[in-house]
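Chains as they are written, first to last, in our numbering: chain W, 1 to 225; chain L, 1001 to 1401.
I should point out that these hints are in silico values taken from the structure, not numbers from a laboratory. It should be emphasised that the depicted structure is a prediction, and the values quoted were computed from it without experimental measurement. All C-beta atoms, glycine included, are put in the ideal place defined by N, C-alpha and C. Heads up, none of these hints are tricks.
Sample of chain W residues lacking proximity to chain L, with all beta carbon distances greater than 10 Å (derived):
(1) Gln-126
(2) Lys-136
(3) Asp-202
(4) His-214
Among chain W residues calculated to face chain L with C-beta under 10 Å, some are:
(5) Gly-51
(6) Gly-55
(7) Phe-57
(8) Asp-76
(9) Arg-77
(10) Thr-80
(11) Arg-83
(12) Asp-85
(13) Phe-89
(14) Ile-97
(15) Ile-107
(16) Leu-113
(17) Ala-157
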Amino acid sequence: MIIRLHEVHKFYNRDTPRQVHAVRGVSLAVQEGEAVCISGPSGSGKSTLLGIIGGFFVPTSGLAEVAGVKLARLPDRFLTSYRRDYIGFIPQRFPVIGAMSVLANVILPLLPLGVEQRESEERGRQLLTRLNITHKQNMPAAELSGGELQRLVIARALINDPPIILADEPTAHLDSALSTQFISIMSECRAEGKTVVIASHDPLVFQSSLIDRHLILEDGAMVAG
Amino acid sequence: MGPGYLISLRRQRNLLDFALGSLWRARWKNGGIVVVFSLVIFIIASFRLMVAGLEQASTAVLATVPDITVQRLVAGRQMPVPLWWVEESGAVFGIRSIKPRVWGYYFHETSGANFTIIGVEDFPGGEPLPGVAMQAVSADEQVEENQFSPVVLGQAVHQMLALGDRVNVSLFRPDLTLKGFSVVGLFAPQTGLVTDDLMVMAIDDARDLFALAPHNATDLLISVPNPLEVDTIAQKLMAKLPGSRVITKAQIGKTYNAAFGWRSGFGMICLIGTVAAFVILAWDKAAGLSPEQRREVALLKTLGWQTGDVMAIRFMESLVVCVVAFLVGTGLAWAHIVFTDGFLFKPLLLGWSVLRPSLSPVPVIRFDDVLIIFVMSVVPYLAATIVPAWRGAMIRADATL
Chain W
1 MIIRLHEVHK FYNRDTPRQV HAVRGVSLAV QEGEAVCISG PSGSGKSTLL GIIGGFFVPT
61 SGLAEVAGVK LARLPDRFLT SYRRDYIGFI PQRFPVIGAM SVLANVILPL LPLGVEQRES
121 EERGRQLLTR LNITHKQNMP AAELSGGELQ RLVIARALIN DPPIILADEP TAHLDSALST
181 QFISIMSECR AEGKTVVIAS HDPLVFQSSL IDRHLILEDG AMVAG
Chain L
1001 MGPGYLISLR RQRNLLDFAL GSLWRARWKN GGIVVVFSLV IFIIASFRLM VAGLEQASTA
1061 VLATVPDITV QRLVAGRQMP VPLWWVEESG AVFGIRSIKP RVWGYYFHET SGANFTIIGV
1121 EDFPGGEPLP GVAMQAVSAD EQVEENQFSP VVLGQAVHQM LALGDRVNVS LFRPDLTLKG
1181 FSVVGLFAPQ TGLVTDDLMV MAIDDARDLF ALAPHNATDL LISVPNPLEV DTIAQKLMAK
1241 LPGSRVITKA QIGKTYNAAF GWRSGFGMIC LIGTVAAFVI LAWDKAAGLS PEQRREVALL
1301 KTLGWQTGDV MAIRFMESLV VCVVAFLVGT GLAWAHIVFT DGFLFKPLLL GWSVLRPSLS
1361 PVPVIRFDDV LIIFVMSVVP YLAATIVPAW RGAMIRADAT L
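Modelling step: build the complete structure from the supplied sequences, incorporating the hints.
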């Protein structure tokens, strides 16, 4: 198992009047190379669960183990290293540094690793070629269209060659053509042996052939899958 | 060098590249900070370089001052010293030499300046002023024997008399008859603070010019070989010469420091206020992260950047701003001293030199001055930005979710 969650709970603002029980005793096991979609209505805890797997949130209780790393006990510094080594993350709104070039955005994760500039750029260009936006590499990221922006973010998530790809509502702001394109790219990643976990309530995603398993969250608890 | 060092070096270079790019992306805002910071450093550096130049100049002045100067006071006013005081003083043990001197001010109507006339013994044979460099003027062919007296001029006096290539100059005695002088030398420009307004001549010529009686001098210059004995000898002279005012070199030094130190201290307090105001501005700028900057930090953390990496780029940004502003500010200050004689601080620091026709401060750059400028400007800026940078870098990666 590359991802193993057991009886994971997550509270926000615990023991305060604003307490939220975002994840309620979720257990989950994902095989290496598997593609899983977690769906559910807004506020059901999809992003939080994805955040726990990605090392963005520490679970309040329960076991969260990814690639052999027990996430609950890791301090922030090691969670960052974990993300760098194992996770390629595709956030919902495709955040980029708009004034920087497309290529510079793609190689951002490599800068603190001490990878030589030339090598970083070469790896970035290969990914941009694979995603068909190499012709935009020197353009400021702010000038890209929605679909191009999405491909930039995917290239950036893949630049470290991570074994796990997490995507949070990746098609929420895309039309169906671009959503289909995204699914196609993720299928290629899965074919390369990467594990793909997508949080989405878009039927186009969870009904696609990419997805091996469809899990449903409701009010923080796993109700199907 | 091992691969670990190479990776670390490449990492630092990558972060520096990012920091430079980040500065460039916000070039108008950062450019504004550099301009303001350069101005602050320019003021601090100008002041410090001016002070350093004057400190060196006052040291040069003190080098020409005798160990003990003896004057005579009557009813609290300075009066001529009778030459029998020389023999009387000679009886005090421990004195190397006693030289009478005649000096006074000469108002030059055409230029409106006051020149300082000094008449010394052994002139023109010896050095006009001990230890002060002089350029010789070959005036032999133009001096008419027994008609013109030799004189050595300061550069500013030479300029104000508009002598050009001429060597002869006439000055008025009190009875408005003219006394002719022939310039035999000019004091070197680098001795300007000491010599700019000087006319040095033989003591008899000075007596003649000021219509002073032959057995009188303005004061006595006493040389003492053992510095430890100066105060004791001064006390003995005061006891031996009723009505005398005995001034030691140390007392003159204290007077310089009192007048000059007060001015520079006042200036420094004003400048500390300037630096404090800029530090507050820097803090405010660094503390107030825009939503865009917060998103950028969160994104970098999401992509695996450690808090230390984000802090490193913020530190590099501040350092680049500091270094650029430091170089620009210090360079401008240097130019301000060299090309404009430090006109901004001249009135503050040289108010006491109104008697002098002109002064061209020779700028001095010493390591400790550069260090003081650095410590007074760059260090407060870095200190003011480091805490906000740390707070900014603590933004959590989950902000992107």
